[in-house]
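2 protein chains.
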Amino acid sequence: MNANQIKRVAIVGGTHGNEFIGVYLIKKFARFPNSIERDTFETMTLLANPKAFAARRRYIDRDLNRCFSRQDLANLQLANYEDIQAKAIAQLLGPKENPQVDAIIDLHSTTANMGLTVILPDEHPFNLRLAAYLTTIDPLVKVYCWSQPRQDSSYLRSLCQFGCVIEVGPIAQGTVSATLFQQTERLIHATLDYLDAFNRGQALSIPSEIAIYRGLKTIDYPRDSSGELQAMIHPQLQLKDYQPLNPGEPMLLTFDGETIVYQGRSTVFPVFINEAAYYEKGIAMCLTEKHQVKIIRNS
Amino acid sequence: MNANQIKRVAIVGGTHGNEFIGVYLIKKFARFPNSIERDTFETMTLLANPKAFAARRRYIDRDLNRCFSRQDLANLQLANYEDIQAKAIAQLLGPKENPQVDAIIDLHSTTANMGLTVILPDEHPFNLRLAAYLTTIDPLVKVYCWSQPRQDSSYLRSLCQFGCVIEVGPIAQGTVSATLFQQTERLIHATLDYLDAFNRGQALSIPSEIAIYRGLKTIDYPRDSSGELQAMIHPQLQLKDYQPLNPGEPMLLTFDGETIVYQGRSTVFPVFINEAAYYEKGIAMCLTEKHQVKIIRNS
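For the protein sequence lines, the chains are E and S, in the order given. Take 1 as the starting number for the first sequence in our numbering and just add one per residue. Take 1 as the starting number for the second sequence in our numbering and just add one per residue.
Extracted from the complex, chain E is given alone in its bound form (with noise of 0.2 Å):
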């Protein structure tokens, strides 16, 4: 990638319509436009999923986030509401193939005590460097990649190959907290900075290498035959996301008061722990691996 690629950014919150602090953001920006300005690319916003933001719902009829496969945007049959706002939205910033913006920042919040997470669709060098430099703007930041082959990704997010998702927590749906809302506003401006920086050819100070948790495998709950919940967060793991897991250690505890133990070989990282969102998608927690990666500058 050369320098001066990036001309457009995206700024996406209300991908889910119960997470309001992206929602906030995007409405404070459509008042202050001139706050996520830059000389050197076009900012747009989006609120992603407004019918959900007004029922005060994650979606109305299913996750938006989860809508943007190729073959999912291709089938016209796929026709309720988040299916035709996920085509809509395709054609105002994809298609993947070529996609009318260079780079995407996808606004989320969760229940679990992530504090403030980049999270990166892969580890390309160019996305690697922004999430080390917003490591240097706030301590809370970690970085976690959730990979899915680009071309086959569900996320909004893979619309185009740039950019990342912040998601902030803990923080309750319906809720805003005003800690992670001013949070998030800095995080997106750092990172509106560095862009700007990219394209003028600014090396901007970053660490020559980070910490990176990378995505191994998710854990649900035990379940009855009928799929109900037979267990919780045991509370040693409550709240402990990013924070070693190691074999024999509680994990989950069921409602009789049964503690059940990790039983994997090596010290995993769990993130997403007790996501209230994730509770239907049968993940009561991401494991993670922990990984120093070395970031190579800008060629």
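Accuracy of the hints is not assured; some may be wrong.
A pair counts as met if it fits within one copy or between any two copies, since identical chains are not told apart.
[As the list claims (entries may be wrong)] For lysine to aspartate or glutamate, the following DMTMM-like pairs were computed, each having C-alpha atoms within a straight-line distance of at most 20 Å: (1) Lys51 x Asp61; (2) Lys28 x Glu258; (3) Lys27 x Asp224.
Because the hints were derived from the structure by calculation, they are not lab data. Model, not experiment: these values are computed from the prediction.
We have chain E already, so just place chain S on it with the hints.
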């Protein structure tokens, strides 16, 4: 009230479908009915809003816990799901003038940092003694009194005169916290033990006075002409339920970063700060006054 008058007790969970602690406690009690049996009365359990629980939402059409006024219960024109469900519950537990249960324990949870709150419908000596006993079970217990005239009250708990709401938090809607689950379970057992001791004429040890937080009024977020939020809870007030808020201290923060201070004349103690379900009700927090109340012994 004379001894041996508690004949039937109802434990109610899931009045709000996304408050999971009550739901999963009711499901546990269904599997272990012995645990909630006491010799001197009958205990029944009720999952109040199963359809909202299945949808992982507070309610389907209307907040069930606002459907129990005498007027609404008598109005057969009110025929949406929760209004019909309220009439069915009133038929099972009520009617208010001659209820089939003598005490109701209604289980709720909140996104506010209310710890273990016992909400009393009034300061009847019987209810006060119960609350005083519960403060001896767990030091986190706080006693909040939000009075509505019982005949006009729209809360489920108004179906009979005695009992309490157990309101625990902070917890995101649609999640379970193992710690709060176990603490709530302990308070339920203590309540049953207390009612059993009352029936037997046994005097349990209770303090001679307790602090009561009496509800004064509610405060809304500033809103624009279309009703849209203009501010959030100030970071200094977030999670500070039951702590003193003095005139001139920060209460809200606008999205533009301006602090709004509390403008009352005297110190108050806010509760339900940043409760997710109250955004749509126009409530950012409830202000209370703290009073020391003497506990009158059984006559």
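Now for the hints, and whether the structure bears them out:
In this assembly of identical chains, the alpha carbons of Lys51 and Asp61 lie at most 20 Å apart whether taken from the same copy (11 Å) or from different copies (17 Å). For a Cα distance limit of 20 Å, the shortest separation of Lys28 from Glu258 across copies, 13 Å, qualifies, whereas the shortest one inside one copy, 47 Å, does not. In the homo-oligomer, the alpha carbons of Lys27 and Asp224 lie at most 20 Å apart only across protomers (13 Å), although the nearest pairing inside one protomer, at 43 Å, exceeds that limit.
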